[in-house]
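The numbering of the sequence shown is this note's numbering, which starts it at 88 and goes up by one.
Be aware that one or more of the hints could be misleading.
FRET-style restraints, in silico, Cβ to Cβ [as the list claims (entries may be wrong)]:
#  : residue 1 : residue 2 : range
1  : PHE371    : HIS330    : 20 to 30 Å
2  : SER212    : TYR244    : 41 to 51 Å
3  : MET121    : HIS330    : 32 to 42 Å
4  : PHE188    : HIS149    : 38 to 48 Å
5  : GLU374    : GLU127    : 15 to 25 Å
6  : LYS128    : HIS280    : 13 to 23 Å
7  : HIS149    : LYS128    : 34 to 44 Å
8  : ILE196    : PRO282    : 36 to 46 Å
9  : LYS178    : GLY361    : 39 to 49 Å
10 : ALA133    : ALA354    : 23 to 33 Å
11 : SER261    : PHE306    : 33 to 43 Å
Calculated pairs, PhoX-like style, for lysine-lysine (alpha carbon to alpha carbon, straight line, at most 25 Å) [to be verified]:
#  : residue 1 : residue 2
12 : LYS181    : LYS198
13 : LYS339    : LYS128
14 : LYS339    : LYS327
15 : LYS181    : LYS247
16 : LYS199    : LYS219
17 : LYS219    : LYS178
18 : LYS342    : LYS128
19 : LYS318    : LYS351
20 : LYS191    : LYS351
21 : LYS247    : LYS178
22 : LYS302    : LYS198
23 : LYS198    : LYS162
24 : LYS162    : LYS351
25 : LYS199    : LYS247
26 : LYS199    : LYS214
27 : LYS318    : LYS339
28 : LYS318    : LYS128
29 : LYS214    : LYS198
30 : LYS191    : LYS299
31 : LYS299    : LYS199
32 : LYS283    : LYS247
33 : LYS299    : LYS327
34 : LYS302    : LYS283
35 : LYS299    : LYS178
Derived from the structure by calculation, the hints contain no laboratory data. A quick note: this is a predicted structure, and the numbers were derived from the prediction, not measured. The C-beta atom is built at its ideal place from N, Cα and C for all residues, glycine as well.
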Amino acid sequence: MKCTDAEENTEMILVWLFVAAAILFGLLGLSLYMLRPETEKTRSFAAFDHTMIAHRGLFDNHSEAPENSLAAFRKAVDQGFGIELDVQLTKDGKLVVFHDFDLKRMCGIHKKLTELTYAELEQYSLKGSTEKIPLFSAVLDLIAGRTPLVVEIKVGYDYKATTEAAAEMLSQYSGVYCMECFNPLALVWYRRHNPKVLRGQLSMDFFHSEDKMPKIVRFFLTNLLLNFCAKPDFISYNHKDRHIRGFRMCRKLFKVKTAAWTIKCQAELEAARGTFDMFIFDSFLPEEGEKVRLS
88 MKCTDAEENT EMILVWLFVA AAILFGLLGL SLYMLRPETE KTRSFAAFDH
138 TMIAHRGLFD NHSEAPENSL AAFRKAVDQG FGIELDVQLT KDGKLVVFHD
188 FDLKRMCGIH KKLTELTYAE LEQYSLKGST EKIPLFSAVL DLIAGRTPLV
238 VEIKVGYDYK ATTEAAAEML SQYSGVYCME CFNPLALVWY RRHNPKVLRG
288 QLSMDFFHSE DKMPKIVRFF LTNLLLNFCA KPDFISYNHK DRHIRGFRMC
338 RKLFKVKTAA WTIKCQAELE AARGTFDMFI FDSFLPEEGE KVRLS
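Kindly generate the complete structure, drawing on both the sequences and the hints.
Following this line, the structure appears as structure tokens:
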């Protein structure tokens, strides 16, 4: 018995619907696999859970305690806050605490940090204060385990040297700390070589970033689609971008811990409470009673 044209068309439509559904479910499964963070809770987040973290120390760039200075870190410790800081390498391989890749904003000098030795960096002050760019070792000696520490490894595409140097120095540190980085490859390195350290994936909506990168890279980084290789224990995300689908899916489906950056006022803190577990802040002091824990 021959099929009519209508029956053949119906069968063809069903075949294509089946193929489309298979592709859709395949892509969904692949995206969930790529989005999946670390789910084996072998490293404790307890010291950071609901904790207030002073971004680059408790700083004021119009004072004698500018960002990422020993004075700012001392103030954070004295007032009971955790500390977030940035580490990168100088020309002569010294690990220093500094956020920007160049010295223009903080020191008024049009030079890149990686082009200068530490001895040369010591010539410059931070924001006109008496504070200098500190060695990471000096910062660790100052903090001495008295408060939780969030170490951001500041790297571009060349991540290995800075990551290895930071890991080596932190291996001698007895205090509580975690590492985080925008480059997933730094997390991959830690996963392979130092798996006991709590690791966080920094991210944001990279489509609003001035960084030069292909759109596909922006898409993958924004939506955390390299989690499958980085396996972060927590996601450190720009709190203003918490609507991003990849971040929401990662949080809802995998119950991953999250850190908010950077909270700039009490109102932003209140708005972030229901979404994030750790709060990195600057430019204000959280209300009394919220210095170390929010709950």
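Each hint tested on the structure:
1. The hinted range of 20 to 30 Å is satisfied by PHE371 and HIS330, whose Cβ atoms lie roughly 23 Å apart.
2. A hinted range of 41 to 51 Å for the beta carbons of SER212 and TYR244 is inconsistent with their spacing of about 31 Å.
3. Checked against the given bound of 32 to 42 Å, the beta carbons of MET121 and HIS330, roughly 20 Å apart, lie outside it.
4. Checked against the hint of 38 to 48 Å, the C-beta distance between PHE188 and HIS149 comes to roughly 23 Å, which is inconsistent with it.
5. Evaluation of the 15 to 25 Å hint for GLU374 and GLU127 yields a failure: the beta carbon distance comes to about 36 Å.
6. For the pair LYS128 and HIS280, the beta carbons lie near 21 Å from each other, so the given range of 13 to 23 Å is met.
7. The supplied range of 34 to 44 Å is met by HIS149 and LYS128, whose beta-carbon atoms lie about 42 Å from each other.
8. Evaluation of the 36 to 46 Å hint for ILE196 and PRO282 yields a pass: the beta carbon distance comes to about 39 Å.
9. Evaluation of the 39 to 49 Å hint for LYS178 and GLY361 yields a pass: the beta carbon distance comes to about 45 Å.
10. A beta carbon spacing of about 28 Å between ALA133 and ALA354 agrees with the range 23 to 33 Å that was offered as a hint.
11. The hint said 33 to 43 Å for the Cβ distance between SER261 and PHE306, and at roughly 41 Å that hint holds.
12. With a C-alpha separation of about 17 Å, the suggested pair LYS181 and LYS198 falls inside the 25 Å cut-off, and the hint holds.
13. For the given pair, LYS339 sits about 17 Å from LYS128 by alpha-carbon distance, which is consistent with the 25 Å threshold.
14. Under the criterion of a C-alpha separation no larger than 25 Å, the hint pairing LYS339 with LYS327 is consistent with the structure, at around 18 Å.
15. Only pairs whose Cα atoms come within 25 Å are accepted, and LYS181 paired with LYS247 is accepted, the gap being roughly 14 Å.
16. Simply put, LYS199 and LYS219 have alpha-carbon atoms about 16 Å apart, close enough for the 25 Å limit, and the pair holds.
17. Proposed proximity of LYS219 and LYS178 is supported: the alpha carbons are some 17 Å apart, at most 25 Å.
18. Distance check on the hinted pair: LYS342 and LYS128 sit about 11 Å apart at the alpha-carbon level, within 25 Å; holds.
19. Between the alpha carbons of LYS318 and LYS351 the distance comes to roughly 29 Å, so the proposed pair goes past 25 Å and is violated.
20. With a CA separation close to 23 Å, the supplied pair LYS191 and LYS351 stays within the 25 Å bound.
21. With a C-alpha separation of about 15 Å, the suggested pairing of LYS247 with LYS178 holds against the 25 Å cut-off.
22. Taken as a hint, the LYS302 and LYS198 pair is broken in the structure, with Cα atoms around 29 Å apart against an allowance of 25 Å.
23. Taken as a hint, the LYS198 and LYS162 pair is broken in the structure, with Cα atoms around 29 Å apart against an allowance of 25 Å.
24. At most 25 Å may separate the alpha-carbon atoms for a hinted pair to count; LYS162 and LYS351 meet this at roughly 18 Å.
25. A distance of roughly 19 Å separates the Cα atoms of LYS199 and LYS247; the hinted pair therefore holds under the 25 Å criterion.
26. Between LYS199 and LYS214, the direct Cα distance comes to roughly 16 Å. Compliance with the 25 Å bound is thereby established for this hinted pair.
27. Restraint check for LYS318 and LYS339: satisfied, since their Cα atoms lie roughly 16 Å apart, inside the 25 Å limit.
28. Proposed proximity of LYS318 and LYS128 is supported: the alpha carbons are some 11 Å apart, at most 25 Å.
29. For a cut-off of 25 Å, the pair hint linking LYS214 to LYS198 stands: about 15 Å separates their Cα positions.
30. For the hint pairing LYS191 with LYS299, the CA-to-CA distance comes to about 20 Å; that is within 25 Å, so the pair holds.
31. Taking the CA atoms of LYS299 and LYS199, the gap is near 18 Å; set against the 25 Å cutoff, the hint holds.
32. A threshold of 25 Å between alpha carbons decides the hint, and for LYS283 with LYS247 the separation of about 18 Å falls inside it, so the pair holds.
33. Pair hint LYS299 plus LYS327 holds up; C-alpha atoms about 21 Å apart against a cutoff of 25 Å.
34. With a C-alpha separation of about 34 Å, the suggested pairing of LYS302 with LYS283 is violated against the 25 Å cut-off.
35. Note on LYS299 and LYS178: the hinted pairing holds, with a Cα-Cα distance of about 24 Å set against a maximum of 25 Å.
Hints 2, 3, 4, 5, 19, 22, 23, 34 from the list above are not met by this structure, while the remaining hints are.
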